[in-house]
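Participant: Going line by line, the protein sequences match chains A and B.
Every letter in the first sequence is one number past the one before it in our numbering, and letter 483, counting from 1, is 486.
Every letter in the second sequence is one number past the one before it in our numbering, and letter 43, counting from 1, is 971.
Where hints are given, some of them may not hold.
When the alpha-carbon atoms are kept at most 27 Å apart in a straight line, the in silico DSS-like pairs for lysine-lysine are as follows [unchecked claim]:
1. Lys987(B) x Lys841(A)
2. Lys670(A) x Lys987(B)
3. Lys799(A) x Lys861(A)
4. Lys662(A) x Lys799(A)
5. Lys799(A) x Lys987(B)
6. Lys841(A) x Lys861(A)
7. Lys662(A) x Lys861(A)
Since the hints were derived computationally from the structure, they do not count as laboratory data.
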Amino acid sequence: MATLNLMVLVCLAYVALLFIVAFAADRFAATGRSTWLRSPLIYTLSLSIYCTAWTFYGAVGYAARSGLEFVTIYLGPTLVMMGWWWGLRKLVRVGRSQRVTSVADLISSRYGKSNLLAIAVTVLAVIGITPYIALQLQSITLSFSIFFEEAPVGSYSDASVVFWVAVGLAVFAILFGTRNLDANERHHGVVTAIALEAVVKLVALLAVGIFVVWGLSGGVAETLARIDASPIGEWQVNGSRWATITFLAVAAFVCLPRMFQVMVVENDDERHLRTAAWAFPLYLLLISLFVVPIAVVGLDVMPAGANPDMFVLTVPLAQGKAALAMLSFLGGFSSATSMVIVAAMALSTMVSNHVVMPIWLSAQGDRASVSGDVRSVVLLARRISIGAIMALGYFYFRLSGGGSALASIGLISFAGIAQILPAMIGGLFWRGATRIGALAGLTVGFALWLYTLLLPQLGAGILPQSVLEQGLFGFGWLRPEALFGIEGLDPIVHSVMWSMLLNAGVFCLGSMLSFPSPLERLQGAQFVDVFDHSAGPRGWTGSVAQSEDLMIMTQRILGAREAQVLFQREAALQGGRGHLPEPTPLFLERLERELSGSVGAAAAHAMIGQIVGGSSVSVEDLLAVADESAQLMEYSSQLEAKSAELARTARKLREANEKLTQISLQKDAFLGQISHELRTPMTSIRAFSEILRDEDNLTEGEKVRYAGIIHDEALRLTRLLNDLLDLSVLESGQVTLNMRTGLISEVLDRAVSAALAGAEGSLLVRRRQGTEAIRLTSDFDRLAQVFINLISNAQKYCNAPQPELVISVHDVGGQVVVDFIDNGGGVPVEVQSTVFEKFFRVNAEKAGGAGLGLAISKEIMQRLGGDIVYLPGHTGGAFRVSLPLEEAQVGQG
Amino acid sequence: MGRQVLLIEDEANITEAIRFLLTRDGWQVDTHADGSDAVETVCRLSPDLVILDVMLPGKSGMDILRELREIDRLRDLPVLMLTARGQSRDRDMAERAGVSRFMTKPFSNTEVLDAVRDLYAQANSR
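Isolated chain B (complex conformation) (with noise of 0.2 Å):
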């Protein structure tokens, strides 16, 4: 088994672009568009990180997150959380629903990688 990584995003073409670089450095990526389920998804797939974005249709990434930590087993989940509303707001908000790393759109593709790659190390070193 390799690390598996689920990317919950709705744009299709940003979904394509993550999937390829993290398929490139060795990851499973599974993905997910719709946020009304995506808490089904994680608990289902029980990925080793998660990669979130805020706006999704059906439910927000913040209201995903806040869920997931009310699981036991997924308190410590890294979640990558995405977004392209960029306001300082938004970034205390998903710090209080426990964040693990917090990114604004647009990304280049290393910070994307090291990111995952440091929060897979860092939950992996515990």
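The shape of chain A in the complex, shown without the other chains (with noise of 0.2 Å):
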């Protein structure tokens, strides 16, 4: 006789091993050496978390009661599998492609990301499962009693029990659950933790029945004729109950919390599916296969009234079978231990991403920003919500003291979370669904289900009987199990008639009649066309990946040097012997990363793409790589607005720069030149004054000669200073004109008489008078300046024996022009451009001024609105004087 002493030991002993495969799983995952793990048979077994409690033992009871109904809950499931295993696989697809974590963020992310869908379906789920997981603790600790009805001990309770069972599995799933913060949300522990579960109830269901069969009743034939004899064995269907119940099946299959989380979450490769569309329908006829036997044996050899829920446990025991009655045990802890932990989990990462972690961030503001803190917040939620969902069981299990049928608590929980199916469904083929219409289906479903099934079954006193009996407000059609005055339907039917039809229709009518925003469309497209938008359920797959070309265009976003680093490290990384490492999607996810810190995160991820060739790039990935380089090219723009200013401003310095050193040089020539020239004649002055001075015996004639070059050199500085004011004066622009109305003719005469007057000189002056017969308006002692000086350096530079200078006036399309022509040598070819500078001045030794002349009447000539310049072609010094003819006049003389 097994005793509770021997349960408990065994109980601790299994779930030691537990903890080990699902430890050792772990650490085969973290060093890569997890192949089998990620094979298609794990998968396959994992999935059948579906099979409960529930199914290990409430089956036998099911068949018991109602007969082959039993076989729906193993109907849908396995329709789904192998008539929709292409919908699963976008499913997968979808979730792998978005990195979904739950049910509730899938809806959320597929309706624009709305957290408040997010919110209804964890809460819908909550409410939902709850009394599941509650069913689960009440298997459990009806085994135990069972146990204990055999070997009574004096401290057993059923109270201590289920809450050291609901402890022990919160930290399990805490344990395995909320390890680590995976960005995957997998969990490779727990899913071969659950394998293994699989393969024990299977193994464990098998036994009893091949006990039973072959043991019991002596055989297959004798089995079947039993089964004839029994009603059991009528074929009675109920064809509403047996749609429903199909119905809730598949719908529960693709919705429940614990089923999206192995199937989606924990899903490694969608190829797994290929495997598990025939493999778990095959898990489940197995499953399937002994219950109606145990239950018809059963019912035979228990006495009247056992509780056909734990036949398989109780038949075994029966016929002293105590190690077959353990594994059996052991069998059905497996199928609640399974499904409470998977369950847990799934609900407290709804719990904590949708409702906790907004809430935490929203309280945090601004301080949340460290990514470590949010890490340690987020394990922190997950596992306060694992307890709490855990005490929510437990609390439920006290409260409704375990007393209904268990198969029922699952076909209410069923009906709950099939609230999900028609966003679900309507989300991943159907573009026009929108948030509004989900959001609205999903609660009318919610409602009804909760009012036509869940209060009326279990709410016992939470709902009046006056309602139940009299309808909502004393409205008869609003009765909970006769909505619109439907009576006779079963209330399982009827609830799920009702709240499906309405849940549907509201959806469809909703996403109708309202608009999705951006964000949704987008989303939208990337679910319903999502084999369109990515290629494979990795994050890279490089079979196809070039390493050349992965260098090329890194080396262009991060320049030659650190590309080569890189890429050279990751090729030591990864053992290899040259400079490329092979493209590993290892080593593209951290191409990527780096990537991204230069071009930002989408941008990296489409590049990439492009050259893996595995993935095609998303509408969204465009989008935010538009995004991107909007921002980029906005920036760079403004960086180029800058620089071209910059240039400018350079550009100008430069200038500017040039023209200060030009000018400063200028200035210093300029100094240099005044300074010589007045130096010299000081030189003079003061050598020949200190000689008269100093020197006693001079004779009369040496004091005269030195006198007068002390006199004709004090008049030189006397010209070069007024030279130098007159210059000032022209230059600076300060000076006055003193225009008037006369005959050029007038002002050649005084010039000329005032140049040659006084002078030594030979020079013959020749004039046309008849030419000068023009009138003009200008100041006449400047321009009589410009001539003298002509005239004069004509005088003292014209070399030729019979020194002549010739006058000439034209009227030279609409200006007057005045040529100066000597018959010297002129002025040398080298030196012609630069006659007008200051301090200019052809030959020294006959130099009576500073060399000021000419650069004075080119500036006089300019203030004038005229001008000055050398003729060049003429052997002798030939200057042309001219003047506009705005400001002349003919005449007549």
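Using the supplied hints, reconstruct the complex from the two chains, each of which is provided in its own coordinate frame.
Facilitator: Encoded structure:
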């Protein structure tokens, strides 16, 4: 006889084994040697959490009460796996490509990442699953109490058992479900442990079945005969119930949070679905194979009134097969624990991600930017959520007293979870589905389920008896179990029909009447056309990737040296010999991270996607890239504008600097020249005045001569100073012009007589009087100054034996020009361009002035609106003075 | 043979003043007014001392000095340079070119005489 202590010991040992398996699997996964962990077999076995304690114990009870109807529970998933595997593939693909973490996340993500929807789904799931968790606790407690009845122990109580079971499961779920925070939410350890439990429960049920068929009945034929004789064997099909329950099983299989967790979130490779499509129905077939024989034989051999839900356990016990009973107990224990652990994990993810974290983040405000901080908070939120969910299950169990039949709790739960189905299926296949529609459908379905099923069935006392009998507010058509006057239906069928009908109807209507936001539309396209947008369930498959291409692209982004260092480091990490690493998914992920630092995450993903070729670029990727590049372009155009402005400023500065340097050089040269021109006469003056002062025996002739030199040099200084002042006034533009009107011949008369007066030269000035009768308005004094300068120059520098100067006046194209051409040697070609510069002198020996005459003349002519130029092409010196005609008028002399 | 000075200067009045001063002091004074053939004149006359103006027609005094210093036997020839420009840049240039003494115009007569005597004494004491 198995004692309770032994039971507890076996349970603890079994849990310890699960721990070890899960821990080892996590270790394997961490070191990358986990290929067998990611096999289709493990995946298929993990799907078996569909078969909970309800299936393990309850199916027999179900069969004992309702005959073959229990088959519907297996029929649903079988139909989905075999007939709708392509739909599941889409679900898995969407889940992987969108990195969905739960069914709530999936719905929220599809409808524009609406957190309101996520919260609605989470609440629905928690309310729907809590009775289910209670059910599992109840089944474990029941199985314990069966053993207790066989071997009573003093300190046993249902309450303490269920409490410690709940605590133990919570600890297990926390330890393996929230050990780390993987972005993909995968838990290899837990999945492996569940796969092991799947094997245990199958083996246990098969063993009990074999014992019943061959050990008790004496063979297949005898068993079949017993079945024929029992009412279970009668083929009674209640069409509406069958259809409804099959439908519920389908919906639950797809929508249950724990199923979503193992089927989508924990999925490593969507090809595993192909194996699961036949292997999982096979598993269901095997596990349901002996349900009817056990029920029939159990009803035969067990005393009347025995709970058929516990036949799997009580039949072997009654036959004294303690070991078999123990195995059976472990099978049931496995069913319950695996369901509770995964359900708690899945629910905690939903609760923490969609309820706790948003609240915490908004409460934190800006302070939550430290990632480590958030991480630990998320983990804590998960752990607390698991604890809370287990506590809810525990309290529900304590409050409900565990009275109802197991199967009915399961079906009620299923009906609640099925409310997610319209939003999910619509989201996957209908682009027009909107958030408003989903929210409205979900709310209506949830409310109807609550009102027509959950409260009447389980909430005894919450819903007043009067409402049940007379309807809400006394309206007969609002009776919970006979809505709109439709009576006589099975409560489940009634509730499912109304809730699903109205849910789907409101969902479609709401979707059609509302307009999706851009994000919803985008996500809708991502979901509905997932096969066009993503190629594989994994991050990167590098089989087609070209390392060289990646290298070239990386060089462009990071620069040649950086890229080389990065690739070499990666190659070394891979243990390769070359400098190009293999394009493994790991390397590609790292490369993407590196690049995203430079070009943004979306662009990096898209670029690697282009080269690797395994993934086409999605609309969202493109939008993100466009967004990033728009920012980059704006930034770079700002930079460009700035650098253009800088270049402009720099050029201006350079020009200004060059000008300043030139001016400074000119100033130096000018000062040097002035200094020279001033110091030279002063030198003579000083030297001779000292001679006159110091020397005693000077002849009278010497004295006169030296005094003459001093006088001449003093005059020269005076002239120079006058010229300098004149030039300075002209250049500063502060000169006042004394304009008057007269004949040009008058000016020439004055100039010639002034220039030749007192000069010892023999210059002959020839004029053509006839051409000079031109009247003009100008400053005659300044004009005369220019003419005098030109005549004096000819006088000084004309080196002909008989110097001669021809002055001619012309009217050329609206200008009066006066040419001064002598018959001397002229100005050498190489200095013709510099004659008008200050201090220019052709011959220093003959210089009477400082070389400022022509410079002054130039300034004067420009002030008068005309010009003075040297006329090349003449043998002698040739200057042309021109004056504008506007100022000149032809008159009669 | 008396002490011989070559005066290279294009200003006639200054030339006359310096010639008067040095002749009175017992020097034989040769004068030259053009820069372009000044070096040849120095070589031809090989004076004991040269007084050199900076701003000369044909070739600047600086260039003449540099060329003189490139001739071996004239490396230590005393050269007194006179300039009317009076900028410190010219003094630096002259010193780099190997001038013996640099004076700015206008000068006092005694300064010139002292400088000439001094330079001659230095050259002959070596």
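Participant: Against this structure, judge whether each hint is valid.
Facilitator: Cross-check of the supplied hints:
| no. | hint | result |
| --- | --- | --- |
| 1 | Lys987(B) x Lys841(A) | holds, 20 Å |
| 2 | Lys670(A) x Lys987(B) | holds, 23 Å |
| 3 | Lys799(A) x Lys861(A) | holds, 19 Å |
| 4 | Lys662(A) x Lys799(A) | violated, 36 Å |
| 5 | Lys799(A) x Lys987(B) | holds, 23 Å |
| 6 | Lys841(A) x Lys861(A) | holds, 10 Å |
| 7 | Lys662(A) x Lys861(A) | holds, 22 Å |
In this structure, the one hint that does not hold is number 4.
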